[in-house]
Amino acid sequence: MTRTHKIEIEIVSLVLAVVLGAVLWGDFNASLEITDTEEFCISCHEMRENVYQDYLGTAHASNRTGVRATCADCHVPREFLPKLKRKIEAANEVYRHFMGTIDTPEKFEARRLLLARREWKRMEESDSRQCRNCHDSASMDYVKQGQRGMDQHIMGFKTGKTCIDCHKGIAHSLPYDLEENL
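In our numbering, the protein residues as written are 1 to 182.
Simulated from the structure, these hints should not be mistaken for lab results. Among the clues, some could well be false.
Unchecked claim - With a cut-off of at most 30 Å between alpha-carbon atoms, the simulated DSSO-like pairs for lysine-lysine come out as follows:
{"no.": "1", "residue 1": "K168", "residue 2": "K107"}
{"no.": "2", "residue 1": "K85", "residue 2": "K107"}
{"no.": "3", "residue 1": "K158", "residue 2": "K107"}
{"no.": "4", "residue 1": "K121", "residue 2": "K158"}
{"no.": "5", "residue 1": "K168", "residue 2": "K83"}
{"no.": "6", "residue 1": "K144", "residue 2": "K158"}
{"no.": "7", "residue 1": "K83", "residue 2": "K107"}
{"no.": "8", "residue 1": "K144", "residue 2": "K85"}
Based on the provided sequences and hints, a complete structural model is requested.
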């Protein structure tokens, strides 16, 4: 094999590797986007028949302005590395789906508190990052919130509270056994 032929093979191999890498990166990003859709989230009956039904009755699903928060808006970070971490964690949820861990309403309700606590912890650890993607405390008109809402928000921000500290159950029913397990 001549030196020129060897260089040609190396160049072709490098170009093919770059093209293959670009295709795989595109497929990877497409899979991240597909798994962020509401359709994907409710494709499992556990979500469609339980928490999605809760969500449909909230202002996050339907409101006077038409602004709608979907599952990923609240449960998946927008930033790449936190999003990737969340997708890896979700692999356990897929495993649990196939194991039938919450495949009936009764099983789901029995684990609702555990599942809710995991979400609340995730939100607390990120200072309610997903809430803040849409809700900006600097833009809030406290007067329009009424006296109680205004007082609670001002005090909460002063004392370092995060959204989920006060707004548990904002888009899903609270676990029925929450109070007895506090």
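Hint-by-hint comparison with the structure:
no.	hint	in the structure
1	K168 to K107	holds (21 Å)
2	K85 to K107	holds (27 Å)
3	K158 to K107	violated (40 Å)
4	K121 to K158	holds (21 Å)
5	K168 to K83	holds (22 Å)
6	K144 to K158	holds (19 Å)
7	K83 to K107	holds (28 Å)
8	K144 to K85	violated (38 Å)
Of the numbered hints listed earlier, those contradicted by the structure are 3, 8.
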